[in-house]
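Knowing the structure of chain D, use the given hints to seat chain R on it.
Number of protein chains: 2
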Amino acid sequence: MRNIAIIGYGVVGSGTVELFEKNREEITRKIGRDCDIKYICDLRDFPGDKYEDRLIKDFNIILNDDEIEVVAEVVGGATFAYDYTKKLLERGKSVVTSNKELVATHGAELFRIAKEHECNYLFEASVGGGIPIIRPLNKCLAGNSILQISGILNGTTNFILTKMIREQMDFDSALKMAQELGYAEADPTADVEGHDACRKICILGSLAYGKHIYPEQVHCSGISRITLDDVEYAENAGYSIKLIGTVKPAGKGKVSAIVCPRLVSRSSLLSSVDDVYNAITVTGDGVGDVMFYGKGAGKLPTASAVVGDIIDCLKHRDRRIMIDWEDCTDKSYVVPYKQIENSMYVRIRANDAEQLKPVIEELFGKVVYLERSDRPDSELAFFTPVMVEADIDSSLTKLSEKAEIASKIRLL
Amino acid sequence: MRNIAIIGYGVVGSGTVELFEKNREEITRKIGRDCDIKYICDLRDFPGDKYEDRLIKDFNIILNDDEIEVVAEVVGGATFAYDYTKKLLERGKSVVTSNKELVATHGAELFRIAKEHECNYLFEASVGGGIPIIRPLNKCLAGNSILQISGILNGTTNFILTKMIREQMDFDSALKMAQELGYAEADPTADVEGHDACRKICILGSLAYGKHIYPEQVHCSGISRITLDDVEYAENAGYSIKLIGTVKPAGKGKVSAIVCPRLVSRSSLLSSVDDVYNAITVTGDGVGDVMFYGKGAGKLPTASAVVGDIIDCLKHRDRRIMIDWEDCTDKSYVVPYKQIENSMYVRIRANDAEQLKPVIEELFGKVVYLERSDRPDSELAFFTPVMVEADIDSSLTKLSEKAEIASKIRLL
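Chains as they are written, first to last, in my numbering: chain D, 1 to 412; chain R, 1 to 412.
Each hint should be verified, as a subset may be incorrect.
Any copy, or any two copies together, can satisfy a pair, since identical chains are not distinguished.
[Unchecked claim] Derived lysine-lysine pairs resembling BS3-like cross-links, with alpha carbons at most 27 Å apart:
(1) LYS254 - LYS22
(2) LYS338 - LYS115
(3) LYS30 - LYS331
(4) LYS248 - LYS315
(5) LYS30 - LYS315
(6) LYS30 - LYS299
(7) LYS30 - LYS211
(8) LYS176 - LYS57
(9) LYS331 - LYS252
(10) LYS252 - LYS30
(11) LYS398 - LYS87
(12) LYS22 - LYS211
(13) LYS30 - LYS50
(14) LYS115 - LYS87
(15) LYS30 - LYS254
(16) LYS315 - LYS86
(17) LYS30 - LYS115
(18) LYS115 - LYS315
(19) LYS87 - LYS408
(20) LYS248 - LYS22
(21) LYS30 - LYS248
(22) LYS254 - LYS315
(23) LYS252 - LYS22
(24) LYS163 - LYS252
(25) LYS338 - LYS408
Worth flagging that the hints you see were computed from the coordinates, not collected in a lab.
Chain D extracted, bound-state conformation (with noise of 0.2 Å):
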């Protein structure tokens, strides 16, 4: 039975026909009956390629071949990999995708689609790459409240600040690493910018909590005003500097959701986590904290995921996988961030900063300090209460008025 089709033969598309091919046997096994890659669905030629003869360009061969059960999406983008992932689905074809994109963006329209047409859309890959997250959320943890979800959700940006904070290579050297290495692409926005972050707590917070979260009502900031000297400080108080996706309820039905920098102290396990891997801590009523971590990209990572979702359709055939959650229209459902509490790191320049601590203490009442080796006199660092985020604005501005505002960062 040649029962699978993938569309898009990049990296992912590639490392998912790989380990397919490679774990045949033992997946064949698992699924219970014959199953085989048919087509692989791209627009370039791959002459010589091992599987030339798979290969097509036409998408509608898939959508008409009643053969085809399962369809691996990893074209990445919301725009023809939205437009085939409807077809698909309509057509009653399960769909497994990596295109955390397209997600974050339609998922609640396409699980509704897959419902109506008794298939499943299955979305392992689009968060955390090979890290098992979607199902242990949706599963294992079913009887828990989610108190909070926080993850190092991008590999890029954990790699340069990595890199900033054992190396004191500055953000731009490490930058520059990590697109020769091959871990950031040429136009790094997406990444360093937390928008790739955005897409995957937007994910995992709509699943959590059942509603849809759109990454455009998500809070996002990214790493690149992260100094040597913000490292430093942290360092020295037990801090590392991470980018921290967060997604928790925030009363009345609601929930806040937001991807920034974040001071993670070191004895969450959380700040152990370097270099290009992932981590995602997930809190619940009844379990406490749960942490997943791995390798949160890459084409056998990735692939890994994809190719288990894969095997649940097939295993599972004509029975309905319960992966999903409903469309949102509240504009209201993700409050603003503003409006929640946070302790904050700030570190200010002045003429002789140190006089400027009765100011500061009335602004914000008791603060802590920090210290690092060969601090100017014209610069202090420290840490607020735990305040709302809108307060400690206010406070920042009327500050503003003596200091220059060189950096804020949240504590996670």
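Just chain R now, kept in the frame of chain D:
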């Protein structure tokens, strides 16, 4: 619909009821229909208990009630629980369990009965308490050949080792503290000698490789002989001592499995897993290393996994959830541990131990010597190269003619 029954109203049973009742509204939404706990079966009396009206002593009431779809068996042991579970599955009632002893001893048989009667036998709570590991291994990682599973699978021993490492407490004092805190039983044998971890690695290995691994086939050594001297040598060399369960393929369709203390390099995240926490690392040929971390025991963490399984059963009524393995009658399926390769930490005592270095190097080849503060002249510690364990042992036998072999601990 009052379709759930709990057998055993001890720590896990009462946690299961508590967590279910707490999150009942959300759970009902997830299942998509009404559900409730109808019976709690325990031989003991609980006068004044909040759920006294549901308490029963006669198991047959559950067995004969057609309304009951799923039963949580949280009694433990392999006697009554075995009998009850078989009877329930034969009636087509799904059973979920935290009972590692039963799954490790009779899993294959119970899966077969469940299959024959088209119901489910789920056991997420049997390994790692609330940590999602069974489903991730069975589903998310299904596309991989599993190259190795290594885990800190017992919280009690990890607590004791953490106290020895961090506070230089000796084994007996650390055990006493664990008992006082309720982490260790009055008779701590099952934890301390590794039998509990052994059951868990049997379950993980059976699931990963598809054939039942029985606890009596697995070599198992505990932590009671670890000394503070060993801890100090290990720490100096950049290692922590952890009780680790390991299972991996051993070629020709066979597996190796062992539970023993090991020196874990500080570069491995497992070495940072402290106190009563558990963590499991799975290495797949696609995904690389992924790690699962959290509280491996306790009332609500374990209940989290039990309730997750209950939800999965009720959500997929009349549908089989395929998580199982086959029985294995091949007595040679688990290869003898003496045939497996390891690097070994060895500590010896002799008059003027330094003088034995040429003898050691003749026996083992190139070894790495270790240091600790105030190492006496009568002591020497070293790492052997990676060698088949039987060869290490025969060299140690020769060495023992000239020195006392005070400790030997495998490296991970």
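Right, here's what the structure says about each hint:
1. For the identical chains of this complex, LYS254 and LYS22 are inter-copy neighbours only, at 19 Å across copies versus 45 Å inside a copy, given an alpha-carbon limit of 27 Å.
2. Proximity of LYS338 to LYS115 under the C-alpha cut-off of 27 Å is found in neither arrangement, the shortest distances being 37 Å within a copy and 54 Å between copies.
3. Proximity of LYS30 and LYS331 under a CA criterion of 27 Å is satisfied inter-copy only: 24 Å between copies versus 44 Å inside one chain copy.
4. In the homo-oligomer, the alpha carbons of LYS248 and LYS315 lie at most 27 Å apart only across protomers (25 Å), although the nearest pairing inside one protomer, at 34 Å, exceeds that limit.
5. Taking identical chains as interchangeable, the C-alpha atoms of LYS30 and LYS315 lie at most 27 Å apart whether they share a chain (7 Å) or sit on different chains (22 Å).
6. Proximity of LYS30 and LYS299 under a CA criterion of 27 Å is satisfied intra-copy only: 23 Å inside one chain copy versus 34 Å between copies.
7. Taking the shortest alpha-carbon separations for LYS30 and LYS211, only the inter-copy value of 13 Å comes in at or below 27 Å, while the best intra-copy value is 33 Å.
8. Taking the shortest Cα distances, LYS176 and LYS57 never come within 27 Å of each other, neither inside one copy (36 Å) nor across copies (69 Å).
9. When the C-alpha separation of LYS331 and LYS252 is checked against a cutoff of 27 Å, the pair qualifies only within one copy, where the shortest distance is 14 Å, while the shortest distance between copies is 59 Å.
10. With identical chains, the CA atoms of LYS252 and LYS30 are at most 27 Å apart between copies only, with a shortest distance of 19 Å across copies and 44 Å within one.
11. For the identical chains of this complex, LYS398 and LYS87 are neighbours neither inside a copy (55 Å) nor across copies (72 Å), given an alpha-carbon limit of 27 Å.
12. Taking identical chains as interchangeable, the C-alpha atoms of LYS22 and LYS211 lie at most 27 Å apart only when they sit on different chains, with a minimum of 21 Å there against 38 Å within one chain.
13. Proximity of LYS30 and LYS50 under a CA criterion of 27 Å is satisfied intra-copy only: 25 Å inside one chain copy versus 45 Å between copies.
14. Within a single copy, LYS115 and LYS87 get their C-alpha atoms as close as 14 Å, which meets the 27 Å cut-off; across copies the closest is 36 Å, which misses it.
15. For the homomeric pair LYS30 and LYS254, the shortest alpha-carbon distance between copies (18 Å) is at most 27 Å, but the shortest distance inside one copy (41 Å) is not.
16. Within a single copy, LYS315 and LYS86 get their C-alpha atoms as close as 22 Å, and across copies as close as 26 Å, so both meet the 27 Å cut-off.
17. Proximity of LYS30 to LYS115 under the C-alpha cut-off of 27 Å is found in both arrangements, the shortest distances being 25 Å within a copy and 15 Å between copies.
18. Taking identical chains as interchangeable, the C-alpha atoms of LYS115 and LYS315 lie at most 27 Å apart whether they share a chain (18 Å) or sit on different chains (15 Å).
19. Taking the shortest alpha-carbon separations for LYS87 and LYS408, neither the intra-copy value of 46 Å nor the inter-copy value of 62 Å comes in at or below 27 Å.
20. In this homomeric assembly, LYS248 and LYS22 come within 27 Å of each other (Cα to Cα) only across copies, at 18 Å, whereas the closest approach inside a single copy is 40 Å.
21. In the homo-oligomer, the alpha carbons of LYS30 and LYS248 lie at most 27 Å apart only across protomers (19 Å), although the nearest pairing inside one protomer, at 37 Å, exceeds that limit.
22. Within a single copy, LYS254 and LYS315 get their C-alpha atoms only as close as 37 Å, which misses the 27 Å cut-off; across copies the closest is 26 Å, which meets it.
23. Taking the closest pair of Cα atoms, LYS252 and LYS22 come within 27 Å of each other only across two copies (17 Å); inside a single copy the shortest separation is 50 Å, beyond that limit.
24. Within a single copy, LYS163 and LYS252 get their C-alpha atoms no closer than 41 Å, and across copies no closer than 43 Å, so neither meets the 27 Å cut-off.
25. In this assembly of identical chains, the alpha carbons of LYS338 and LYS408 lie at most 27 Å apart only when taken from the same copy (14 Å versus 57 Å across copies).
In summary, the numbered hints that this structure violates are 2, 8, 11, 19, 24.
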